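Protein chains in written order, with the numbering used here: chain A, 1337 to 1631; chain B, 122 to 440.
Honestly, the hints are just simulated from the structure, not real lab data.
Remember, it's a predicted structure, so these values are computed and weren't measured experimentally.
A hint or two may mislead.
Unchecked claim - No farther apart than 27 Å at their CA atoms in a straight line, the calculated lysine-lysine pairs in the DSS-like style are these:
1) B/K274 - B/K204
2) A/K1433 - B/K438
3) B/K163 - A/K1433
4) B/K163 - B/K274
Claimed, not checked - A partial selection of chain B residues facing chain A, derived with a Cβ cut-off under 8 Å:
5) A136
6) V140
7) G142
8) R235
9) M250
10) F254
11) Q257
12) F260
13) I294
14) Y329
15) G371
16) F407
17) T410
The beta-carbon is built from N, C-alpha and C at its ideal position, and this holds for glycine as well.
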Amino acid sequence: MTEIFGIPTQALFGQLLIGLINGSFYALLSLGLAVIFGLLNIINFTHGAQYMMGAFVAWFLLNKTGIGYWWALVIAPIAVGIFGVIIERTMLKQLYKLDHLYGLLLTFGLALIIQGLFRNEYGSSGLPYSIPSQLTGGQNLGFMFLPNYRAWVIVFSLAVCLSTWFVIEKTKLGSYLRAATENPELVRAFGINVPRMITLTYGFGVGLAALAGVMAAPIYSVNPLMGENLIIVVFAVVVIGGMGSIMGSIVTGFGLGIIEGLTKVFYPEASATVIFIVMAIVLAIRPAGLFGTQK
Amino acid sequence: MSAVLPTVKSAEVGAQRIVFGVMVAFFLIGPALGMYPVFLMKVMCFALFAAAFNLLIGFVGLLSFGHAMFLGTAGYVCAHAAKVWGFTPELAIVAGAAAAGLLGLIAGLLAIRRQGIYFAMITLALAQMIFFFCLQAPFTGGEDGIQAVPRGKLLGVLDLSDVWNMYGTVLIIFLAGFLLIYRTVHSPFGQVLKAIRENEPRATSLGYNTNRYKLMAFVLSATLSGVAGATNALVFQLAALNSVHWSMSGEVVLMNLVGGLGTIFGPVVGAFVVLAMENYLATLGFWVTIVQGAIFVLCVLAFRRGIIGELGRLIRKPL
């Protein structure tokens, strides 16, 4: 068996792959948080619960109506996105004039309600969701075995992240969005419906979380608690990257996933805390985050 | 906000004295009214915890979402000191509070580098790190926690295994902590904190090193949270993981929100209401979480002043 630094290559690449998978979810979730924060100035604490809801919608579709994974990838983000739009229209909208911290508290309360309801209904053991038939099996790459589904998750989430980056940074629609982030009053004066843009942005960010949830369903099983610890890690990712830059969220998300994976190989005891340790170091050296700008 | 002037009108002090008297009387005669003494001791520990938290959110404007790390760490250190090292209860509490204060110094140095929402996220993430540390560290007992912690003899004389001796000790600790916070808020130091809350650039321009003030407030809040956590560990003779979990950090936010952010007595009322509700709903599975979430939403949308805040507005005096 081949080894690198005394670690079997099989284990090393296996953990690197898990790191990349986790990194895909970190990237998708922190991207959604960053987009929402940019325009709404709130941190969406419900993000983890909405990620979980995405997975549950996929499970419902499969088990109650027989609609499979590929349609779930489309339907779940839209359904959860609409749920987000309703929350924004009925509740968040009332808080924009107040301290931003109230948005955090409101979404925290909503997360407690949603997670509590799902836990009451489905317990905390998790429901199985099988890998779609087109993506079962895997490739033997010589140095490791690569399951097809995991490869798909990495490629697809990278594609989603890059398309989001492209839309926001390179298109006309994105330029409106960036302008409204800088100065909403001025953009309104040009005849653009900023409140509607805010609503749709929230729906889009929430939809990204749900999309990540659907992709996670076959890997982690569908569990009411799947989002609650993840969201705290994603917060740390956001602090490390700084929320100023879309590309920053993507790079930081994947990068930290890899760091976490490598820690599992070399020092497994620290694998749960390594991201928080990185956060502390980054704060000490570069308080604004790796890609952020201090106001 | 005229609160920047360090003069307190006598009428306001009068109203606050009356409420303070009512509060002390409540905890003195509560057990006689049929309230379970262990429950009231828990209320006092959490009231102190909530008041320490309020020192930051209410008077400096910093929302910490990781205060459970101070409560929990102090609980573990106190329990370990009392059980393994054979410390007397007062020394065990001091050890727990000192550990929380030290952790507060480190966490504070990192967290005050960012403001607002970032501050909340950083404290939450640091607390999660402490949670995983407590889950894995050898001396915390993992999922079991540290059980059967001896209450010991206070100052080597007073046997705390007697429930009334314990009750009196907790009451004194709570009142001392509460008065310390009251004194801090109304001191020149407290006025600077309020100035930072209202307008930080202006406080800076007046020559105050605002980061140093914020750090001092953070360490004081962490230490007092530690006193609460250590005392709580002695009351229940247990230090367990739930006291370092993020849901505990959320709970202390909820207590303040219900009672009234930035009020003197709000945290105490909030702690009582939230704990009483938990007791009442304890048999109903995860409904506790759902109800807590619903109260969060309700308070933020329609009841931002909280119980004491509304009461104070009614009689037009800050309570």
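Tested hints:
1. B/K274 - B/K204: 13 Å, holds
2. A/K1433 - B/K438: Since the Cα atoms of A/K1433 and B/K438 sit roughly 26 Å apart, the hinted pair holds (cutoff 27 Å).
3. B/K163 - A/K1433: 37 Å, violated
4. B/K163 - B/K274: 20 Å, holds
5. A136: 27 Å, violated
6. V140: Violated: closest Cβ of chain A sits about 26 Å from B/V140, beyond 8 Å.
7. G142: 32 Å, violated
8. R235: Result: holds, 6 Å to nearest chain A Cβ.
9. M250: 4 Å, holds
10. F254: Check passed: Cβ of B/F254 comes within 7 Å of chain A, closer than 8 Å.
11. Q257: Since chain A brings a Cβ to about 6 Å from B/Q257, closer than 8 Å, the hint holds.
12. F260: 15 Å, violated
13. I294: 29 Å, violated
14. Y329: Constraint on B/Y329 not satisfied, violated at 20 Å.
15. G371: Since chain A brings a Cβ to about 6 Å from B/G371, closer than 8 Å, the hint holds.
16. F407: 5 Å, holds
17. T410: 4 Å, holds
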